[in-house]
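First to last, the sequence lines map onto chains A and B. Quick note on numbering: the numbering used here labels position 133 of the first sequence as 133, and the sequence is numbered without any gaps. Quick note on numbering: the numbering used here labels position 22 of the second sequence as 22, and the sequence is numbered without any gaps.
Hints are computed from structural coordinates only; laboratory data are not their basis. Check the hints yourself; a few may be wrong.
[Stated by the list, open to error] The calculated DSS-like cross-link candidates involving lysine-lysine, where the alpha carbons are at most 25 Å apart (straight line), are: (1) Lys90(A) to Lys44(B); (2) Lys72(A) to Lys140(A); (3) Lys55(B) to Lys44(B); (4) Lys90(A) to Lys70(A); (5) Lys173(B) to Lys56(A); (6) Lys90(A) to Lys55(A); (7) Lys44(B) to Lys116(A); (8) Lys172(B) to Lys162(B); (9) Lys162(B) to Lys44(B); (10) Lys55(A) to Lys172(B); (11) Lys90(A) to Lys50(A); (12) Lys55(A) to Lys55(B); (13) Lys175(B) to Lys140(A); (14) Lys140(A) to Lys40(B); (15) Lys119(A) to Lys40(B).
[What the hints assert, rightly or not] Which stretches of chain A does chain B cover? Using the computed rule of at least three CB atoms under 8 Å from a CB of chain B, they are: (16) 25-34; (17) 52-60; (18) 129-135; (19) 147-154.
[Stated by the list, open to error] Not the full set, but computed from the structure, chain B residues with beta-carbon under 10 Å of chain A: (20) Asn10; (21) Ala11; (22) Leu21; (23) Ser38; (24) Lys40; (25) Ala49; (26) Gly130; (27) Ser138; (28) Val144; (29) Pro188.
A virtual CB, placed ideally from N, CA and C, is assigned to each residue, including glycine.
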Amino acid sequence: MSKFKKKKKGMPGISTASLPDIVFMLLFFFMVTTVMRETDLKIKKPVLPKADQVKKLERKSLVSYIYVGKGKDGSMDDKIQLNDKISSVKAIQSFILAERATHSEIEIPFLTTSIKADKDAFVGTISDIKEELREVNALKINYSTLPGSALENMKK
Amino acid sequence: MARRENPEINAGSMADIAFLLLIFFLVTTTMDVDQGISRKLPEKQDPNAPPPNIKEKNIFDVLVNRNNEILVQNEYVEIGDIRQMAKDFIDNGGGVDAEGNPCDWCNGARDPESSDHPKKAVISIESNRGTNYATFISVQNELVAAYNELRDAYSLKNYGVKFDELSLEKQKKIKEDIYPQIISERPPVKN
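Produce the complete structure using the sequences and hints provided.
Encoded structure:
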């Protein structure tokens, strides 16, 4: 009998003294990995096409972004966004030159332009962008995609 | 001496505060990694420069029209077939390269009507201004995949590991001397 009684009494509570430490650890992890969004999208958020032969973009400070997508007002033609305003194709040259001015000489050959274009954009728009990039000799580009099979793009 | 002891600060709510902050950062965190198909644009050319002299059989013509239909060498194909067709074309090795060396690592059919050598094989993508971007990316992806599969196969055969696991030197050698990626994007046509 006495054996059973003992069991009921025991069972010390779990100490929660280290709980704040654990939570702080998680907190610091998320604080460090958080990237606050720098640019607001003025166009509809582009739905990127899918691809599987991809390369990861390293060193984000060397990447400048060009967004291509439909306008928020429902118009059907492609809009181009540089930094935080909608621009024309002609503005790309000055945009690239301005990006270059913020980097040192050594970094300039490694500058990459990432094209984040909606999957319903037209190749004509993309081609205009590429022509402008060639004009200023910004030759490294990256077509931004989502992971997935490229065959899924073709389904309507 | 009547000296009162300092009362300790109650740290019991510390966890609550930390939780609050934690939830804030959890919600605002975006963990998107940027990835995509990397491409190097050709340098701007002198408009008076003569066009390069490439034999017809060394060009793999891919055309995507405005209805998102794909023509390879003037025949309608499905997107899923491009990869194998491109591999067969690149790996054909029917002739010799610019220095007169045959392709002794090629596993292709050695058809004299197809490409001479991986170093000479050019893939040309022609699109229309009205082509859908997703289709364009799919085609690009399949062509890059063809090169990646050939490089992987070569690397597995000669070094026993995949291309990605090779040293940078060997990767560079394969990229330049074995299967260089020659993809040319022609400016799209208007109509």
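Okay, the hints, checked on the actual structure:
{"no.": "1", "hint": "Lys90(A) to Lys44(B)", "result": "17 Å, holds"}
{"no.": "2", "hint": "Lys72(A) to Lys140(A)", "result": "29 Å, violated"}
{"no.": "3", "hint": "Lys55(B) to Lys44(B)", "result": "23 Å, holds"}
{"no.": "4", "hint": "Lys90(A) to Lys70(A)", "result": "18 Å, holds"}
{"no.": "5", "hint": "Lys173(B) to Lys56(A)", "result": "22 Å, holds"}
{"no.": "6", "hint": "Lys90(A) to Lys55(A)", "result": "29 Å, violated"}
{"no.": "7", "hint": "Lys44(B) to Lys116(A)", "result": "23 Å, holds"}
{"no.": "8", "hint": "Lys172(B) to Lys162(B)", "result": "14 Å, holds"}
{"no.": "9", "hint": "Lys162(B) to Lys44(B)", "result": "35 Å, violated"}
{"no.": "10", "hint": "Lys55(A) to Lys172(B)", "result": "16 Å, holds"}
{"no.": "11", "hint": "Lys90(A) to Lys50(A)", "result": "28 Å, violated"}
{"no.": "12", "hint": "Lys55(A) to Lys55(B)", "result": "32 Å, violated"}
{"no.": "13", "hint": "Lys175(B) to Lys140(A)", "result": "17 Å, holds"}
{"no.": "14", "hint": "Lys140(A) to Lys40(B)", "result": "5 Å, holds"}
{"no.": "15", "hint": "Lys119(A) to Lys40(B)", "result": "21 Å, holds"}
{"no.": "16", "hint": "25-34", "result": "holds (count 6)"}
{"no.": "17", "hint": "52-60", "result": "holds (count 7)"}
{"no.": "18", "hint": "129-135", "result": "holds (count 5)"}
{"no.": "19", "hint": "147-154", "result": "holds (count 5)"}
{"no.": "20", "hint": "Asn10", "result": "13 Å, violated"}
{"no.": "21", "hint": "Ala11", "result": "7 Å, holds"}
{"no.": "22", "hint": "Leu21", "result": "5 Å, holds"}
{"no.": "23", "hint": "Ser38", "result": "5 Å, holds"}
{"no.": "24", "hint": "Lys40", "result": "5 Å, holds"}
{"no.": "25", "hint": "Ala49", "result": "15 Å, violated"}
{"no.": "26", "hint": "Gly130", "result": "6 Å, holds"}
{"no.": "27", "hint": "Ser138", "result": "4 Å, holds"}
{"no.": "28", "hint": "Val144", "result": "4 Å, holds"}
{"no.": "29", "hint": "Pro188", "result": "5 Å, holds"}
The earlier numbered hints that this structure contradicts are 2, 6, 9, 11, 12, 20, 25.
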